[in-house]
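Chains as they are written, first to last, in the numbering used here: chain E, 1 to 164; chain Z, 1001 to 1426.
By construction, these hints were calculated from the structure, which means they are not laboratory data.
Treat each hint with caution, since some may be false.
Below, in silico cross-link-like pairs of lysine-lysine (DSSO-like), each with a Cα-Cα straight-line distance of 27 Å or less [what the hints assert, rightly or not]:
| hint | chain 1 | residue 1 | chain 2 | residue 2 |
| --- | --- | --- | --- | --- |
| 1 | Z | K1159 | E | K14 |
| 2 | E | K29 | Z | K1144 |
| 3 | Z | K1157 | E | K104 |
| 4 | E | K29 | Z | K1184 |
| 5 | Z | K1191 | Z | K1028 |
| 6 | Z | K1055 | Z | K1044 |
| 7 | E | K67 | Z | K1184 |
| 8 | Z | K1421 | E | K29 |
| 9 | Z | K1080 | Z | K1044 |
| 10 | Z | K1157 | E | K29 |
| 11 | E | K29 | Z | K1191 |
| 12 | Z | K1264 | Z | K1371 |
| 13 | Z | K1081 | E | K29 |
| 14 | Z | K1081 | Z | K1144 |
| 15 | E | K14 | Z | K1144 |
| 16 | Z | K1191 | Z | K1080 |
Estimated spans, in silico, between C-beta atoms of each pair [to be verified]:
| hint | chain 1 | residue 1 | chain 2 | residue 2 | range |
| --- | --- | --- | --- | --- | --- |
| 17 | E | E158 | Z | D1269 | 21 to 29 Å |
| 18 | Z | E1296 | E | T28 | 48 to 56 Å |
| 19 | E | K29 | Z | R1352 | 46 to 54 Å |
| 20 | Z | A1151 | E | N150 | 32 to 40 Å |
| 21 | Z | E1383 | E | E158 | 29 to 37 Å |
| 22 | E | K67 | Z | K1157 | 20 to 28 Å |
| 23 | E | K123 | Z | G1034 | 44 to 52 Å |
| 24 | E | G45 | Z | K1044 | 44 to 52 Å |
| 25 | Z | D1269 | E | N150 | 43 to 51 Å |
| 26 | E | T28 | Z | E1037 | 33 to 41 Å |
| 27 | Z | W1357 | E | E154 | 33 to 41 Å |
Here the structure is a predicted model, which is why all the values come from computation and not from measurement.
Idealized CB from N, CA, C, for every residue including glycine.
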Amino acid sequence: MTVTEEYRAVFEGKVLEELQSILSRYPTKQAALLPALWVVQRERGWISDRNMAEVAEALGITPAYVKGVVTFYTMYHQHPVGRNFVQVCTTSPCNICGAEGVVKAFLEQTGAKDAGATSPDGKWTIIEVECLGACGFATPVLINDDFLENVTPEKVPEIVKKYR
Amino acid sequence: MGFPHKPHPKETVVLSQHFGDADARTVKGWTKRGGYEALAQALKMTPLEVIEVVKESGLRGRGGAGFPTGLKWSFMPKEKKKPHYLCVNADESEPGTFKDREIMRWTPHALLEGTAIAAHAIQAEVAYIYIRGEFTEPWTIMEKALAEANAAGVFGKIKIVLHRGAGAYICGEETALMNSIEGKRGNPRIKPPFPAAAGLFGMPTTINNVETLAAVPHILKRGAAWYKGLCLSSPKSMGTKLFSVCGHVQRPGNYEVTMGFPLKDLLYDMCGGVPAGRTLKACIPGGSSVPILNREETERTLLDYEGCVAAGSMLGSGGVIVFDDSTDMVYQIMRLARFYAHESCAQCTQCREGTAWTTKIMERILAGQGKMQDLDLLLDLSENMTGKTICVLSDSCAAPVVSGIKKFKNEFEDYIAGRRKPVMVA
């Protein structure tokens, strides 16, 4: 691991207080792991190995264990992603309602070359995800924390304009 | 009520009565609508009395397995020697299902009230509501509702905690969910021990689905006999159930009907049928994990636990996926297999390898490179994936494959014989 800058701890000040409040909700320290990782991702945009080591130390578990958990759950980013992280549901019920066209429209409109890749301006990462749990509102799209329903390829240019 | 649609006259609106009404989301609005009366009533009863009422009502789990709720609660130790926990499964991730999402979005207090009643019944001091990570809007609404209810002091000594998932279908499996709350990978556990003996943090635990708990306040208020009377067909299935309808229908959404309601009426009357000029080809009545029904089977299915089994499928979570005659069944079954391959926790060989190979073989067929033996190979694989693993994810992948090959074999053969143009690249 090449360390190019000094590590800035996530859990300091108000964020440390938040972690303490999270810890108070569970009988074990380890149970705070998923919420603690969410806090890291909110603060840093993604979860680096150094962040994992910090979480491990705070919760009294090993960095390897934390990494095992981070890699299990698809919503934790192990790499930086675009400022707008777009998740398009393409599981069967959405697929038959045209979800693949929605993915294509997002890729074209944002300049992200491929699903999973980030656009050259660093603003967009588009990914295909499995079931977002809103099948009656096909196609659902999650942009950062905004849950959009009934997205069609025709609506995509307007959406992209709004978030650009 | 099929929000955003108006209630259909054939619906029996209980759980969905306040869908679409933002005022019901507030503690004030909820109380005005008779909310939290059932909880106050329950807190005056002994835990055993509450369990008896729920047992008597015939309520069964709405998450998929249909286990009698009161009986499940009665498995908890009567004499409390250790902490007891309640887990609420709000990890709704079954393709085709989006009912718990609407319950949390519109009636968060219904879930909180049901949760508190259940916690009282099983003598749990803490209840964890596990909400899937993608449900950002329901999370925000639940968080606000919980803060308001806490401020109003309605829960007595019961503490309710929201816990956010992070993207893993398997965490909807009860023991995987417990591992996830404990800060572990969401791997299902071997049973026994069952959760009532050793569940969350190794303590006696009960886990219930959102829709199950949302029904509990109504049962306490209106009585077990009333709930039991909501029954159109099988005497083993009672109450109302939310059905999430999606896919090729004119009016997708959630519809609440009495158990035993004909699937045909749900699809044609309430949802307006398939798009104009199309005909119904197939339907999955209980979320993607249950066998696919063809048109004839769909039209004679009665929507309750027994009725779906009689038609050759299962009620599951009530996620109804509709396919019209424009659907490429082979491609859609591949999509479902891919879903399970993606979501397998990879603990059991049969599941890890089986879901991945099922997907690969299906992709090969769709790329025009399948062989006739592949169909037997898929069936053989599915056989080895059924009933042989720690949880039922593997079985769930096999269900659409086996029923798909049985009912739509000609479509598979068309790809293999080259009568149909490949839609994938090998």
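Each hint, compared with the structure:
For the hint linking K1159/Z to K14/E, the alpha-carbon distance of about 24 Å falls within 27 Å, and the restraint holds. Only pairs whose Cα atoms come within 27 Å are accepted, and K29/E paired with K1144/Z is accepted, the gap being roughly 25 Å. A threshold of 27 Å between alpha carbons decides the hint, and for K1157/Z with K104/E the separation of about 52 Å lies outside it, so the pair is violated. Taking the CA atoms of K29/E and K1184/Z, the gap is about 12 Å. The hint holds against a cut of 27 Å.
Only pairs whose Cα atoms come within 27 Å are accepted, and K1191/Z paired with K1028/Z is rejected, the gap being roughly 43 Å. A distance of roughly 18 Å separates the Cα atoms of K1055/Z and K1044/Z; the hinted pair therefore holds under the 27 Å criterion. Simply put, K67/E and K1184/Z have alpha-carbon atoms about 11 Å apart, close enough for the 27 Å limit, and the pair holds. In summary, the hint linking K1421/Z to K29/E is not supported, as the alpha carbons are separated by about 56 Å, beyond the 27 Å threshold.
Our distance criterion of 27 Å between C-alpha atoms is met by K1080/Z and K1044/Z, whose separation comes to about 19 Å. Distance check on the hinted pair: K1157/Z and K29/E sit about 23 Å apart at the alpha-carbon level, within 27 Å; holds. For the hint linking K29/E to K1191/Z, the alpha-carbon distance of about 25 Å falls within 27 Å, and the restraint holds. With a C-alpha separation of about 36 Å, the suggested pairing of K1264/Z with K1371/Z is violated against the 27 Å cut-off.
Only pairs whose Cα atoms come within 27 Å are accepted, and K1081/Z paired with K29/E is accepted, the gap being roughly 23 Å. For the given pair, K1081/Z sits about 34 Å from K1144/Z by alpha-carbon distance, which is inconsistent with the 27 Å threshold. At roughly 21 Å between alpha-carbon atoms, K14/E and K1144/Z fall within 27 Å of each other, so this suggested pair holds. The straight-line distance between the Cα atoms of K1191/Z and K1080/Z is roughly 22 Å, inside the 27 Å bound, and the hint therefore holds.
A C-beta distance of roughly 35 Å is found between E158/E and D1269/Z, which places it outside the suggested range of 21 to 29 Å. A beta carbon spacing of about 53 Å between E1296/Z and T28/E agrees with the range 48 to 56 Å that was offered as a hint. Distance hint check: the CB atoms of K29/E and R1352/Z are about 31 Å apart, inconsistent with the given range 46 to 54 Å. About 35 Å separates the C-beta atoms of A1151/Z and N150/E, a value consistent with the hinted range of 32 to 40 Å.
E1383/Z and E158/E have their C-beta atoms about 49 Å apart, which leaves the hinted 29 to 37 Å range violated. Taking 20 to 28 Å as the suggested C-beta distance range, the pair K67/E and K1157/Z does not conform, at roughly 38 Å. Roughly 49 Å separates the CB atoms of K123/E and G1034/Z, a value that falls within the hinted 44 to 52 Å. Distance hint for G45/E and K1044/Z: a CB-CB separation of about 50 Å, consistent with the stated range 44 to 52 Å.
In this structure the hint that D1269/Z and N150/E lie 43 to 51 Å apart at CB is violated, the actual value being about 23 Å. At about 36 Å, the beta-carbon gap between T28/E and E1037/Z stays in the expected band of 33 to 41 Å. Between W1357/Z and E154/E the Cβ separation comes to about 38 Å, which falls inside the hinted range of 33 to 41 Å.
Consistency note: the structure conflicts with the earlier hints numbered 3, 5, 8, 12, 14, 17, 19, 21, 22, 25.
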